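Trainee: Sequence:
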Amino acid sequence: MRLSAHRTTRDKKIDLNMTSMIDVVFLLLIFFIVTASFTPTERRLDIAVQSANPAAAQASDFDPAIVEVTATDGGFGYQLGSRTFSNQEDLEEVLIAFPDKSSPAIVRGQDEAPYGMVSAAIQACKNAGFHGVRYQPLTSK
Numbered sequence: 001m002r003l004s005a006h007r008t009t010r011d012k013k014i015d016l017n018m019t020s021m022i023d024v025v026f027l028l029l030i031f032f033i034v035t036a037s038f039t040p041t042e043r044r045l046d047i048a049v050q051s052a053n054p055a056a057a058q059a060s061d062f063d064p065a066i067v068e069v070t071a072t073d074g075g076f077g078y079q080l081g082s083r084t085f086s087n088q089e090d091l092e093e094v095l096i097a098f099p100d101k102s103s104p105a106i107v108r109g110q111d112e113a114p115y116g117m118v119s120a121a122i123q124a125c126k127n128a129g130f131h132g133v134r135y136q137p138l139t140s141k
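Counting from 1, one number per residue, gives the positions in the sequence shown under full-length UniProt numbering.
Simulated from the structure, these hints should not be mistaken for laboratory data.
Remember, predicted model here, so these are calculated numbers, not experimental data.
Heads up, a few of these hints could be off.
20 Å max Cα-Cα, derived SDA-like pairs, lysine to any residue [claimed, not checked]: (1) Lys-126 - Arg-108; (2) Lys-101 - Pro-64; (3) Lys-126 - Phe-98; (4) Lys-126 - Ile-106; (5) Lys-126 - Ser-102; (6) Lys-101 - Asn-127; (7) Lys-101 - Ile-122; (8) Lys-101 - Tyr-135.
Across the chosen pairs, the derived CB separations fall in these ranges [said to hold, decoys possible]: (9) Ile-14 - Ala-36: 33 to 39 Å; (10) Gly-132 - Gly-74: 30 to 36 Å; (11) Ile-33 - Pro-104: 41 to 47 Å; (12) Gln-123 - Asp-100: 16 to 22 Å; (13) Val-34 - Gly-129: 44 to 50 Å; (14) Gly-132 - Ala-71: 24 to 30 Å; (15) Pro-104 - Gly-74: 25 to 31 Å; (16) Thr-84 - Arg-134: 17 to 23 Å.
For each residue, glycine too, the CB sits at the ideal point set by N, CA and C.
Given only the sequences and the hints, what does the whole structure look like? Please build it.
Mentor: Okay, here's the thing in structure tokens:
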């Protein structure tokens with residue numbers, strides 16, 4: 001009798017409820033579709049190629065505006081290229097006429113230069129309309 005009782009437990013079929021598992025799979029599928037980030041295909045991206053023609057110079061091909069606060073005979077002054085200015089207003093007038101304002105202006109100041117003159121040079125670049133102004137310390141010569 002024991003054998004027959006043992007045999008009946010083996011013949012019992014396990015009944016799985018598939019409805020809840022299908023629900024979970026669909027919920028996970030919806031979750032991953034909603035949270036996925038889709039990127040455009042790379043074969044349709046525009047490529048910006050630089051022109052090989054040197055005659056087609058743009059405004060960004062100009063040298064950046066480099067203002068140096070350096071020692072002059074009468075104290076300190078502003079130097080832009082080969083020109084020297086003694087006050088902020090003259091420097092600002094020249095910077096307003098500068099052709100390339102898309103690249104940032106660079107202000108260089110010597111260690112001995114007064115803080116007020118360096119900050120005035122930075123303000124003159126901002127007033128002239130440059131998009132950014134960078135400061136670089138200038139080592140003494």
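Trainee: Does each hint hold? Answer for all of them.
Mentor: Checked hints:
no.: 1; hint: Lys-126 - Arg-108; in the structure: holds (15 Å)
no.: 2; hint: Lys-101 - Pro-64; in the structure: holds (8 Å)
no.: 3; hint: Lys-126 - Phe-98; in the structure: holds (13 Å)
no.: 4; hint: Lys-126 - Ile-106; in the structure: holds (11 Å)
no.: 5; hint: Lys-126 - Ser-102; in the structure: holds (12 Å)
no.: 6; hint: Lys-101 - Asn-127; in the structure: holds (11 Å)
no.: 7; hint: Lys-101 - Ile-122; in the structure: holds (14 Å)
no.: 8; hint: Lys-101 - Tyr-135; in the structure: holds (16 Å)
no.: 9; hint: Ile-14 - Ala-36: 33 to 39 Å; in the structure: holds (36 Å)
no.: 10; hint: Gly-132 - Gly-74: 30 to 36 Å; in the structure: holds (31 Å)
no.: 11; hint: Ile-33 - Pro-104: 41 to 47 Å; in the structure: holds (44 Å)
no.: 12; hint: Gln-123 - Asp-100: 16 to 22 Å; in the structure: holds (20 Å)
no.: 13; hint: Val-34 - Gly-129: 44 to 50 Å; in the structure: holds (46 Å)
no.: 14; hint: Gly-132 - Ala-71: 24 to 30 Å; in the structure: holds (27 Å)
no.: 15; hint: Pro-104 - Gly-74: 25 to 31 Å; in the structure: holds (30 Å)
no.: 16; hint: Thr-84 - Arg-134: 17 to 23 Å; in the structure: holds (21 Å)
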